[in-house]
Amino acid sequence: MIGSVDHETRPRIDWLQLFAVLALISIGTAFIHSATSSNEFFSSRPWYRQPFFWHLVYGAVGAGAATLLCGIDYRALARWSIVAYWGSILLLLAVFVAGKEVYGARRWIDFGPIQVQPSEFAKTSFIFMMANYLSRPVEELRQPKVFWQAIGLMLLPFLLVLKEPDLGSALLFLPVGLGMLWAAGTPARWLGKLVGAGVLLIILLLVDILFAPPRWQFKLEDYQKRRLMVYFGIDFAANAPPAERARLRREQRAHSYNVEQALISVGSGGWFGKGWGQGQQITLGYLPRAVAHNDFIFSVIAEEKGFLGSIIVISLYSVVLFTGIRTAAQSRDRLGRLLAVGVVTLIFSQVFINIGMNIRLMPVTGVPLPLLSSGGSSVLCSLIAAGVLQNIHLYRRTY
Amino acid sequence: MIVFDELKKDDPQLRTLTAGVLLGMATLLAGLWYVQVITSQRFVDNQKAQAYRTVRIPAARGKILDRYNRPMADNYPNYRVSLYLEELPRLFKAEWRRMKPDHPMKREERMAYEATVRFRVVSNLAAQASIVLDQPVPVTYAQFAEHYNAQLALPLPLANQLNPVQIARFEEQPVIPPGLDLDVQPMRYYLYGTTAAHLLGYLQRDTKSWEGEEAEYDFRLPDYRGVVGIEATFDSTLRGRAGVKSVLVNNLGYRQSESTWVEAEPGTNVVLTIDLDVQRAAERGLQAALNSTRGAVVVMDCRDGDILALASAPSFDPNRFVPRISREDWEILSDPKLRPQMNRAIQENYAPGSIFKIVTALACLESGLDPQAVMYNPGYIQVGRRRPIHDLAPPGDYDFKKAFIHSSNTYFISNGLAAGIDRILDIAHRLHLGEKTGLPMPRQEVAGHIPRPGEDPIAWHDGDTANLCIGQGNVDVTPLQMVIMTAAIANGGKVLKPRLVDRLVPQDPLLEGQAWTYPRGLYDELGVSRRTLEIIRDAMRADVEEDGTGKAARIPGFRVCGKTGTAQVTDSRSRVVDHTTWFASFAPYENPRYAVIVMVESGASGGGTCAPIAKEIYLALRKRDTAATASLPSTAPVGKGGG
Numbered sequence: 001m002i003g004s005v006d007h008e009t010r011p012r013i014d015w016l017q018l019f020a021v022l023a024l025i026s027i028g029t030a031f032i033h034s035a036t037s038s039n040e041f042f043s044s045r046p047w048y049r050q051p052f053f054w055h056l057v058y059g060a061v062g063a064g065a066a067t068l069l070c071g072i073d074y075r076a077l078a079r080w081s082i083v084a085y086w087g088s089i090l091l092l093l094a095v096f097v098a099g100k101e102v103y104g105a106r107r108w109i110d111f112g113p114i115q116v117q118p119s120e121f122a123k124t125s126f127i128f129m130m131a132n133y134l135s136r137p138v139e140e141l142r143q144p145k146v147f148w149q150a151i152g153l154m155l156l157p158f159l160l161v162l163k164e165p166d167l168g169s170a171l172l173f174l175p176v177g178l179g180m181l182w183a184a185g186t187p188a189r190w191l192g193k194l195v196g197a198g199v200l201l202i203i204l205l206l207v208d209i210l211f212a213p214p215r216w217q218f219k220l221e222d223y224q225k226r227r228l229m230v231y232f233g234i235d236f237a238a239n240a241p242p243a244e245r246a247r248l249r250r251e252q253r254a255h256s257y258n259v260e261q262a263l264i265s266v267g268s269g270g271w272f273g274k275g276w277g278q279g280q281q282i283t284l285g286y287l288p289r290a291v292a293h294n295d296f297i298f299s300v301i302a303e304e305k306g307f308l309g310s311i312i313v314i315s316l317y318s319v320v321l322f323t324g325i326r327t328a329a330q331s332r333d334r335l336g337r338l339l340a341v342g343v344v345t346l347i348f349s350q351v352f353i354n355i356g357m358n359i360r361l362m363p364v365t366g367v368p369l370p371l372l373s374s375g376g377s378s379v380l381c382s383l384i385a386a387g388v389l390q391n392i393h394l395y396r397r398t399y
Numbered sequence: 001m002i003v004f005d006e007l008k009k010d011d012p013q014l015r016t017l018t019a020g021v022l023l024g025m026a027t028l029l030a031g032l033w034y035v036q037v038i039t040s041q042r043f044v045d046n047q048k049a050q051a052y053r054t055v056r057i058p059a060a061r062g063k064i065l066d067r068y069n070r071p072m073a074d075n076y077p078n079y080r081v082s083l084y085l086e087e088l089p090r091l092f093k094a095e096w097r098r099m100k101p102d103h104p105m106k107r108e109e110r111m112a113y114e115a116t117v118r119f120r121v122v123s124n125l126a127a128q129a130s131i132v133l134d135q136p137v138p139v140t141y142a143q144f145a146e147h148y149n150a151q152l153a154l155p156l157p158l159a160n161q162l163n164p165v166q167i168a169r170f171e172e173q174p175v176i177p178p179g180l181d182l183d184v185q186p187m188r189y190y191l192y193g194t195t196a197a198h199l200l201g202y203l204q205r206d207t208k209s210w211e212g213e214e215a216e217y218d219f220r221l222p223d224y225r226g227v228v229g230i231e232a233t234f235d236s237t238l239r240g241r242a243g244v245k246s247v248l249v250n251n252l253g254y255r256q257s258e259s260t261w262v263e264a265e266p267g268t269n270v271v272l273t274i275d276l277d278v279q280r281a282a283e284r285g286l287q288a289a290l291n292s293t294r295g296a297v298v299v300m301d302c303r304d305g306d307i308l309a310l311a312s313a314p315s316f317d318p319n320r321f322v323p324r325i326s327r328e329d330w331e332i333l334s335d336p337k338l339r340p341q342m343n344r345a346i347q348e349n350y351a352p353g354s355i356f357k358i359v360t361a362l363a364c365l366e367s368g369l370d371p372q373a374v375m376y377n378p379g380y381i382q383v384g385r386r387r388p389i390h391d392l393a394p395p396g397d398y399d400f401k402k403a404f405i406h407s408s409n410t411y412f413i414s415n416g417l418a419a420g421i422d423r424i425l426d427i428a429h430r431l432h433l434g435e436k437t438g439l440p441m442p443r444q445e446v447a448g449h450i451p452r453p454g455e456d457p458i459a460w461h462d463g464d465t466a467n468l469c470i471g472q473g474n475v476d477v478t479p480l481q482m483v484i485m486t487a488a489i490a491n492g493g494k495v496l497k498p499r500l501v502d503r504l505v506p507q508d509p510l511l512e513g514q515a516w517t518y519p520r521g522l523y524d525e526l527g528v529s530r531r532t533l534e535i536i537r538d539a540m541r542a543d544v545e546e547d548g549t550g551k552a553a554r555i556p557g558f559r560v561c562g563k564t565g566t567a568q569v570t571d572s573r574s575r576v577v578d579h580t581t582w583f584a585s586f587a588p589y590e591n592p593r594y595a596v597i598v599m600v601e602s603g604a605s606g607g608g609t610c611a612p613i614a615k616e617i618y619l620a621l622r623k624r625d626t627a628a629t630a631s632l633p634s635t636a637p638v639g640k641g642g643g
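Protein chains in written order, with my numbering: chain A, 1 to 399; chain B, 1 to 643.
Derived by calculation from the structure, the hints in this document are not laboratory data.
Please read these numbers as outputs of a predicted model, since none were measured by experiment.
In this text, a Cβ means the ideal position worked out from N, Cα and C, and glycines have one as well.
Be aware that one or more of the hints could be misleading.
Listing some non-contacts, in silico: residues in chain A with all C-beta distances to chain B over 10 Å [what the hints assert, rightly or not]:
(1) S37
(2) R75
(3) I82
(4) G152
(5) L153
(6) G185
(7) A328
(8) R337
Simulated pairs of lysine to any residue, SDA-like, Cα-Cα distance not exceeding 25 Å [as the list claims (entries may be wrong)]:
(9) K274(A) with S246(B)
(10) K48(B) with W276(A)
(11) K163(A) with R142(A)
(12) K100(B) with R45(A)
(13) K623(B) with A552(B)
(14) K93(B) with V262(B)
(15) K274(A) with A30(B)
(16) K274(A) with V262(B)
(17) K274(A) with K623(B)
(18) K274(A) with N46(B)
(19) K274(A) with E545(B)
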C-alpha cells in the first residue's frame, strides 16, 4: 500500500496523503451543505455566501498556502518559527483587546469580511517553534533548563487560550507539546513525572471543582464547570433552593442537549445512514443548527451515512496520520521528524476529541474536526499542517 | 503490521506513537460501532420519541339503519377551515420584527410578548378567513394559547360546518391566506331529527381510548361516545377502531409532515328492525293526540317479534348533542313533567288498567269459565270490606264478549276471583310480565311488576286480587310488555322475544359477508287452548267492530282487534290524580301480522285518546302491506354468522 522507498532525488509528493486530505475537504463541503441547507439563516443566502462554498474557498486558499510552503524547504521555514510563534502570541493577546465576544468568550479577531481565530494559528506556529527549539543534540535535552524552557513555550499559548476562554483549544497544546518532547528524546521519566503531576493536579482540580465547598473551589468559568458536571453526570442543581433548582435543571438539560442530540444523530444512523441530506436531526432542528456544521459535523455525517460513513472518515484520517508518521520516520533530520510528529499529534488529538465528543467518549469542548468542520481558520491551519507534512516528505532526500 | 513496516526498529518513539494513534482510532471505531450498530435501535427510538407525536383519529361511526337500510343516523362531512400553525413561524418572525420594542426585555417578559405577537398574527388570519367565509371567525387569546401550548402539531380549527357557498368561496380564493386550509371531518347526524330519538340515543364528546386500542397518544382528535339507546348499547360496534396518525415535529414542535400508521376502521352499521314509515306514523299519531302528548307506541310484527316502531313522546332532537348540547336545550330536556329524555315505551312502569283484563280473561277461560254464561252487573262490585269498585259498564246482564267490549269490572273481578289469583299470576308469568324483555337497551328498560306468590309481606286479600284483575294496584307493565302479550294472543300463544336489531353489517362492502344477523327467538309458549285464544281474539275484534270501547280504531277493510284501558294513577294517599290510557291491539283479524300498543299519559280514555292513534298506525301498516305485495322488501339473508 505504501510506496517503495524512492531513491531518486527528484522531490515526490505523498499522493496517498494528498488524496486523503482532498477527500476529507470534499466530504466536509458536502456535509456542511447538508447541515446548513435546512437552516434558513444560511440557505436564504446566495450560494456563494453559504458555508459549504466558503469551506471550498478556504480549502483552496489553504491548498494554495500549502503549495507555496512546499516551495520552500522546511528548514528555511523553521528559521521564521520564532517570528511566527511570538506573532501568534501577540495575536492571542490582541484577542483580549480587540476580540469579538461570542457567548461570553473572546476567540475571534474581526478583520471586516473575515474573522481570524488566533488560537488555530498559534497551534501551527507552536509546532514550528517547538520543533525548532527541540531539534538540538539529545544531550542538551537532558538539561533541565532546556526541558523547562520547552515546557514554558507550551504553557504560554496554553494559558492564553485557556483565558479566552477556550478550554478545548487550549488543551490541545499539551498532547502536542508533550508528544514532541518525547519524540525528541527527552528522558521518559521526566515526562512521566510531569504527566503524573499533571494528572494528579487535574484530578485534584476536578474533585475540588465538583465536590468542594464553594469557598475552596478553584475559579473556573461557569460554563466550563457545568460542562464538566454534565460530562460526569453530576446534578449541579442538587443543593439549590427549589426555584433556583428548576432554572438550573433547565440549564443542565440545555447543556447536555447538544451531546444528547449528537448521540441520537450518530446512533440513529445505523449501518448505512439515512442518506445525504436526509438527516432528520438536522432537518427537524434537534441538532442545534448553530453548531451542526462545525463542532458537530461528524454527527451529521454519521447520521446520514451511518457506520460505513464513519469507517470511511476514520480511515481517511488514519491515512493522513500514518503517512504523517511515515514521513516523520523518513525525514532526514530531527527538525522534520519533530514537525511531523507535532502535526500528527495535533490532528490526532483533534480527531479523537471531536469524534469522541460526538459519542460521549469525551466531554464537550469546542474542538473542530480538522478539514471537515466549517471554519476558515481551522481549515486553513489544518491544510498548512498537511502542507508541512508534504514539505518534509518532499525534501526528505535532497541532501 | 503494515504501518509499522515503514519504521526503523530502533525508533521506539515513533513505534509507540503509531501504536497510540492506532489505539485511538480503534477506540473511536469501537465506540462508533457500539453507538451506531449495537445500540442503534435505542437512538432510533429516542429520535422517534422526540420527533413523532401520535394522534388518535376516530373512526367514522357506523350508521344506524331501518329494516330497509334507510339511514336514521348517518355521518355528514363537516367542512372546516383550520389553521396549520407550522406555516406561520415566518409570519410570527416578521410580526415580531415589526413589533419589537426598543428596550431590552427580561426572559419572561419577552416570552409573554412573543405570545401576544403570535396571537396578533393568528387573529389577523382569522379576520381574513372571516372575510372569505362571510361569517365571524372568533378566536380568543386563551383558546389560541392553549392550542399553541398543548397541540402545536395539530391544526387549529377556526370555522366549522361550512355551507357549500362558503366552501366554494374559500376554494376559489385566488390567494388563500397562509396557513389556512379546508379539511373534512365526519360528524354524526340524525336524518329525521326527533324520530326514534329515544331508540337511537345520542352521543357525548369523549376521547378516551377503548379496549384493545393503543392507549398512549400525544393528541386525540374529538370523538364521541354513545350514552343512551342503540348508540350506547352498540357503541363499540358503531365506533369502529380508531386509527393512529404520526406527526413528525421539529425541535420547536411545529408539524413537519405526517403519515398514517394505522388506518381507522370504520364502525359497523347497525340495522334495526324498525320500519321508518311505521315509526314516523306512530310518532305523528302520538303528537297529534294531545297538546304535548306524553305517551308511547310499540308496534311489533306478531309473527316473529320484530319491533317495527318504538316511539315515545315527547321526543328530542339528538342532533343537539353534537358537538355539544347547549344549556337551554338541556333545560328543555330536563323538564320535570314532560321528561322528554324518558323512553316511555320501556323505561317507565305503568298500571295497565283494563288491557290487563286480557290476562284475567285467559286465566278465567282456562279455568273453565263459560263465555256464554250471563251474569248481572249492578254497576259496581264490592269485594271484602273495601270501597266498592265502580263499573263504567252500565248495569245489566253480561256474557264474556259483552263484558269484554264494555270492559266490565264487575264481570272480570267476579270471574277472576273465581279463577283465583294463582292462575292469573301464572298466566302473567308465562307472558313474562314483570321481567325485562332483554331489549338491547339495558340501561333504559325497566321490568314492570307482577307479584310473585309469597312475595308481599302483607297478607294478600281478595281486594288485591280484585284490583289486579282489572290491571290496577299491585301490577305494573311497560308498553313493550303489553305488545308481547297482545302478540301472543294474536299469533296463537307464542310469547315472542322482541327483536330490535336485525343485523350488523360492516360498512366496507367487501366485508358484507361478515354481517351478523340476530336470531329471532321465542320466550315461551303461553300454553293455553286455541279455543280460549279464539274467544279473546273474537272479543277484541268485537271491541272495535261492534260498538265497543275501541271503535275509534276501526278501518274498513282492515280488521283491527283491540282492547282499551284506562288506568287510574293514584298518589301516595290513594287519591286518583291522573289516568294512563291504553289501547292494545292487533290486526288483521283473519291473519294477524301486527300488534300495536298505544299508551298515553293523562289521556281522556283508551278508546277516545289511544284508539285513534292506533288507527293512524294501522293505516300506515296497511300501506306497508300494499307496498310489500307490490315489491317485497328484502330482508337480507342470514349471513354466514361470525362476530
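Structure-based check of each hint:
| no. | hint | result |
| --- | --- | --- |
| 1 | S37 | holds, 15 Å |
| 2 | R75 | holds, 20 Å |
| 3 | I82 | holds, 25 Å |
| 4 | G152 | holds, 22 Å |
| 5 | L153 | holds, 19 Å |
| 6 | G185 | violated, 7 Å |
| 7 | A328 | violated, 6 Å |
| 8 | R337 | violated, 8 Å |
| 9 | K274(A) with S246(B) | holds, 19 Å |
| 10 | K48(B) with W276(A) | holds, 19 Å |
| 11 | K163(A) with R142(A) | violated, 31 Å |
| 12 | K100(B) with R45(A) | holds, 24 Å |
| 13 | K623(B) with A552(B) | holds, 19 Å |
| 14 | K93(B) with V262(B) | violated, 36 Å |
| 15 | K274(A) with A30(B) | holds, 21 Å |
| 16 | K274(A) with V262(B) | holds, 24 Å |
| 17 | K274(A) with K623(B) | violated, 70 Å |
| 18 | K274(A) with N46(B) | holds, 16 Å |
| 19 | K274(A) with E545(B) | violated, 87 Å |
The earlier numbered hints that this structure contradicts are 6, 7, 8, 11, 14, 17, 19.
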